[in-house]
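These protein sequence lines are chains X and A, in that order.
Heads up: the first sequence is residues 1 to 137, going by the numbering used here.
Heads up: the second sequence is residues 1 to 137, going by the numbering used here.
Rather than coming from a laboratory, the hints here were simulated on the basis of the structure.
Computed spacing ranges between beta-carbons, pair by pair:
#, chain 1, residue 1, chain 2, residue 2, range
1, A, Thr128, X, Pro126, 49 to 55 angstroms
2, X, Asn15, A, Asp125, 36 to 42 angstroms
3, A, Val92, X, Ile117, 28 to 34 angstroms
4, A, Lys119, X, Ile117, 34 to 40 angstroms
5, A, Gly93, X, Thr11, 27 to 33 angstroms
6, A, Glu121, X, Thr128, 46 to 52 angstroms
7, X, Asn120, A, Asp125, 42 to 48 angstroms
8, A, Thr128, X, Thr128, 56 to 62 angstroms
9, A, Ile60, X, Glu114, 20 to 26 angstroms
10, A, Pro126, X, Gly93, 39 to 45 angstroms
11, A, Thr128, X, Ser56, 43 to 49 angstroms
12, A, Ser54, X, Glu65, 32 to 38 angstroms
13, X, Gln82, A, Glu121, 20 to 26 angstroms
For clarity, every value in this text was computed on a predicted model and none was experimentally measured.
Note that beta-carbon positions come from the ideal geometry of N, C-alpha and C, so glycine has one too.
Protein chains: 2
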Amino acid sequence: MQADKYQIDFTKGENGLVPAIAQDWTSREILMIAYMNEEAFVKTASERVAYYFSRSKQRIWKKGESSGHIQIVKEILIDCDQDAIVLLVEQVGKAACHTGYNSCFYRRLNNSGELEIIKNEKVFDPETVYKNTSKDF
Amino acid sequence: MQADKYQIDFTKGENGLVPAIAQDWTSREILMIAYMNEEAFVKTASERVAYYFSRSKQRIWKKGESSGHIQIVKEILIDCDQDAIVLLVEQVGKAACHTGYNSCFYRRLNNSGELEIIKNEKVFDPETVYKNTSKDF
Chain X
1 MQADKYQIDF TKGENGLVPA IAQDWTSREI LMIAYMNEEA FVKTASERVA YYFSRSKQRI
61 WKKGESSGHI QIVKEILIDC DQDAIVLLVE QVGKAACHTG YNSCFYRRLN NSGELEIIKN
121 EKVFDPETVY KNTSKDF
Chain A
1 MQADKYQIDF TKGENGLVPA IAQDWTSREI LMIAYMNEEA FVKTASERVA YYFSRSKQRI
61 WKKGESSGHI QIVKEILIDC DQDAIVLLVE QVGKAACHTG YNSCFYRRLN NSGELEIIKN
121 EKVFDPETVY KNTSKDF
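Construct the entire structure; sequences and hints are all you get.
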């Protein structure tokens, strides 16, 4: 499976990386945003589970490789400029964020101009899930 | 209104830019992704309409400045790493994409590994809307 077949232009992103947004395929909530290089994209499209490229660790990672909270890919959408991706996913474990919230976007700016947490509770306890592993993945 | 109040770390993005995802606040469809520098973010938060930073033109742009299809900001969400933004917006004109489709993500990878258009029709005709102006904004 060749990435160029899908007309994604990885050269448009910084360091060959394009943003990939994971969205819950039923609730349509945005779960997280990360980056993909061509290899991560091809693995994602082939295996139908999400792989990203870590800018901090400079390597490919499989979402959920530490936590077990993998993302099963239901649909892959490509944008008009061919430099951004949306993954519609089934989030295993119900939580995408390493903090334990279901979404990384668990805070909003309120009318007073302050950040407030909008989620009722964490889905899991990070201290338990990431006990002996990287807390990032 | 100061950006640092919201704890967004613009230094984490390439060239001081962080990704900003515009999502329809009622349908929850992802409309587009663009980038913000601190100035674009402060203007967006203050005026409650979306401003982005164009990497190609190297300047701030108000979404809809050419087309009239501005984005009225209903909520601003910040991610766990403090380097990504979701705007829940009311999309004026019903279309975010310069191609005329309501969303920039109007194509998906089908089961045969090919891109296919998933939208029934364009909301507007780009040749009419952008007749004498930049087709980007």
